[in-house]
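As given, the protein sequences belong to chains W and U, one line each in that order.
Residues 96 to 1010 in our numbering are what the first sequence lists, from first letter to last.
Residues 12 to 74 in our numbering are what the second sequence lists, from first letter to last.
Take the hints with a grain of salt, since some may be wrong.
As the list claims (entries may be wrong) - From the derived model, a few chain W residues whose C-beta atoms are all more than 12 Å from chain U: (1) 108; (2) 178; (3) 180; (4) 183; (5) 280; (6) 322; (7) 323; (8) 434; (9) 565; (10) 571; (11) 722; (12) 1003.
As the list claims (entries may be wrong) - Label-pair ranges, simulated between beta-carbon atoms: (13) U/45 to W/276: 52 to 62 Å; (14) W/469 to U/59: 22 to 32 Å; (15) W/620 to U/28: 32 to 42 Å; (16) U/59 to W/540: 34 to 44 Å; (17) W/276 to U/59: 42 to 52 Å; (18) U/45 to W/540: 18 to 28 Å; (19) U/59 to W/331: 20 to 30 Å; (20) U/59 to W/754: 47 to 57 Å; (21) W/620 to U/45: 29 to 39 Å.
In case anyone wonders, no lab produced these hints; they're calculated from the structure.
Just so we're clear, the structure is a prediction, and the values are computed from it rather than from any experiment.
Think of the CB as a built atom: it goes at the ideal place given N, C-alpha and C, for glycine as much as any other residue.
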Amino acid sequence: MLHGPVIVLTAFAYLGLLFAIAYYADKRADAGRSIIASPYVYSLSLAVYATAWTFYGSVGRAASDGVGFLPIYIGPTLMIALWWLVMRKILRISRQNRITSLADFIASRYGKSAVIGGLVTVIAVIGILPYISLQLKAISSSYSILVQYPEVVMPDQPGALTVGGDTAFWVALILAAFTILFGTRHLDAAEHHQGMVAAIAFESLVKLLAFLAVGVFVTFGLYNGFGDLFGRAAAEPRLAAMMTPIEGVAGSYASWVWLTILSMMAIMFLPRQFQVTVIENLEEKHLNKAIWLFPLYMLAINIFVLPIAFGGLLHFPDGRVDADTFVLTLPMAEKQELLALLVFIGGLSAATGMVIVETIALSTMVCNDLLMPVLLRMKRLRLNQRPDLTGLLLGIRRGAIVLILLLGYLYFKLAGEAYALVSIGLISFAAVAQFAPVVLGGIFWKGGTRNGALCGLIAGSLVWLYTLLLPAIARSGWLPLGLLEQGPFGIELLKPLALFGLAGLDQITHAMIWSMIANIGAYVAVSLSASPSAEEHRQASLFVDVFQRGGETGGARFWRGTASVPELYNLLARFQGAEAADEALREYAAARRLRWPLERADAELVHHVEVQLAGAIGAASARVMVASVVKEDALSIDEVREILDEASQVVAYSHRLEQKSRELEAATAELRAANERLKELDRMKDDFVSTVTHELRTPLTSIRAFSEILRQDPNVELPQRKRFLDIITKETERLTRLINQVLDLSKIESGRAEWHESQIDMKEVIADSVAGMGQVFEEREIQVETRLPEWAPRVPGDVDRIIQVILNLLSNAVKFCEPGRGRIEIALAQRDGCLRVDVRDNGPGVSAEEQAVIFDKFRQAGDTLTEKPQGTGLGLPISRHIVEHHGGKLWVESGAGGGACFSFTLPLARVAAAA
Amino acid sequence: MGEIEGRGQRMIALCMLGLVLFNFPILALFNVPGEIFGVPVLYAYIFAAWAALIALMAVVAER
């Protein structure tokens, strides 16, 4: 049973639930475990855009002109596509400057001008009042209708109960109390109201569900789906025309376009949208999901608007029931008590969500950008001496909330009855659209100046006042209607609804065209006519180039002066409380690794304090307050320009430096590698010298020893003497050979060796070499087998050197062969464009470790310490050099114990000659 | 930075596409009597185009 008390009780229970959610979210936020740090909650909170106007008014508008309500949701969809560019920038700027509201943002951009902040606040408050009154109207009239259940009677018709009269007043007061509870329980430096956001997100869910429930009920309960519903509507002659609802005249499309543009602006610049999108944003990346989730929400909440409108028109054919109330009256007429109650709660959600966020946003603006700058300048109040101003700030905000809601109620009383919901909302949209040029111009165009913004805002809003608000008031009977019909003082050209004779357009289109011309025209013209001040130039640069300049310190570069830490601390403490101030400075010190307590107040600290303060009282007031405690040297415009140029030069310079240092690093690495190689070579040279001298000394020692014996002892027997002389001769020969080889090697290595190129017949060379060694083989009884092909091509090369290589390999083989049982095999083959020579023996073989080193100088197979060396240790290195000079390879294959096979290749054609 | 700029450009393109889709004269093409699945042509077109646009925005934003 829907009696008044039941409805009121349900409404209060619902508000209580909201408050519980908000309370819980705040507690969680305090504990550092935020429940709203999610892109989904963020997207839902953006849906505060859908107010009672959407909930009830869309159906009303759809019932009169079909798709006419859709631009209000399609426009934002298109705008949101641009958010990736625009909103990311606004978010970044706001975070860096601790922006607290839309007015703060605009004031901060135009030189932290208190005048601009105040003006924006006034425009916003006046512009939004109709919108707030709309919510009051929706709540009170939906209540008045619901309370008469099961009768469907419009509140303003004869026979209606009189409770409607001042329901709106009570609604306003209750909402004020509620908003105060939500938004101003304590002063948050970052202006985050996490509890409020959580409640708003919940409300967005409720209103969506309620609306979808009605939609489903009408479409599938009352009718058999979309086809049935539209089919029956099309059958009615008076509704058939609405199936092609856009009339084929330019005016209809023009109003469609302007509505789209208008709502594109609204989604950005309605104070509550700015609040939830920018101020309450916790992380920039939440935007990515919101970009498509929020449009999806708008699509979902609009799907059933047309079915409900047609359902209502079919159900109440006599026009006695206001189309704005179809959402509620259809379930009532069908005796769906619970559904009707759900709709009421949904509408309540839509309206309270809007009112709470909007008034919090507006009260912050009124406090920070309108009252505080004035109060702080009034010397008589001695606010500068008060130790703690947080109480005052909260008081002002609470007062502002009550005042704004009461003003909304007043507007409702004065003008609200004369207009449908949608028309009231559009008046507000047109008001906030006046902020578009100064904000969008402000973040993309450095040329916009304070005076330009001021003139643009004033011009645009005056036109708005004249063409939209004035007619609204006149129509409500508070001004003579003659003003609209004949123009002021009978001047036709100044008629508010057809300014300068521009007729034939609907009121909104007409107002938008003129106000935008005035606004943008004045903004651009005045901005271009004079150059900006130092402060404006600096702020413009900080805003427009926010992505180029790094971090919060960007602003500190522009400050010169002297300040003391205690004074700055006291200043913070007065506006944020001692505890928060202490924490802010400690964090500052910790982040920069400064000693605590701070000793010196440099430009960076002053800037930090100002930004902190801006978070509490707005940029313009913060400027004034900081200026009051520090001695500041004003910068001239030239100096600011210089710093900016300097900054961009520094950026370019540091880019160049980075590049240079990268090049340097590369060069250093190369040098280091070269140095390593040189050191290695040096070490190798030292080793070589010491090894050579060691090798020379061994034969010298024995020569000397035997010579001395012969000299000192003349009685040595002749055979003995002969033996000694043999040894001396052999050692001398070895010495000569060694010296020759050392000279040879150094010649080859240094590239000074002479090469006598000719075409070599390898078969001949091998045969000659084997023949030359014949004596040795016979002495040691070694079998030699030569395996030569029928024909082998000639290879280019130095025939003597190649013979040297073969002889070296053969003598090596001989050395390691056991006399008597030795067997050497020498083979020639042609393969892969090379001639390959293999010299295989059946000696002990070369172990893997030895294979790795035998090509090094003075390294020989076998233990050189215990066995008498049988060679110089230079033969293989020289051979390898020779083969490599010819472009071939020399290597060894062997399994230990299985004999060794030394092979080398000579390419048939020289690809690239080595040194 | 390149990736971010690329996304920005795709978003601008989508916005322009939307401006064309929901404007004269494309809109006028669908402003005719008749119905698709029982829904008037204009209504069906607007909601279908709108949903498609949102889907494209989701693809670009989430990529």
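So, going through the hints one by one against the coordinates:
1. 108: holds, 35 Å
2. 178: violated, 8 Å
3. 180: violated, 5 Å
4. 183: violated, 9 Å
5. 280: holds, 35 Å
6. 322: About 2 Å separates residue 322 of chain W from the closest Cβ of chain U, which leaves it inside 12 Å; violated.
7. 323: Violated, since 7 Å does not exceed 12 Å.
8. 434: Check passes; 24 Å lies beyond 12 Å.
9. 565: Holds: least Cβ distance 31 Å, greater than 12 Å.
10. 571: With a cut-off of 12 Å, residue 571 of chain W remains clear of chain U, as the shortest Cβ separation is near 34 Å.
11. 722: Residue 722 of chain W is indeed farther than 12 Å from all Cβ atoms of chain U, at 37 Å.
12. 1003: holds, 53 Å
13. U/45 to W/276: 52 to 62 Å: Holds - the Cβ-Cβ distance for residue 45 of chain U and residue 276 of chain W, about 54 Å, lies within 52 to 62 Å.
14. W/469 to U/59: 22 to 32 Å: violated, 54 Å
15. W/620 to U/28: 32 to 42 Å: holds, 34 Å
16. U/59 to W/540: 34 to 44 Å: holds, 38 Å
17. W/276 to U/59: 42 to 52 Å: holds, 44 Å
18. U/45 to W/540: 18 to 28 Å: About 47 Å separates the Cβ atoms of residue 45 of chain U and residue 540 of chain W, which means 18 to 28 Å is violated.
19. U/59 to W/331: 20 to 30 Å: holds, 25 Å
20. U/59 to W/754: 47 to 57 Å: holds, 52 Å
21. W/620 to U/45: 29 to 39 Å: violated, 50 Å
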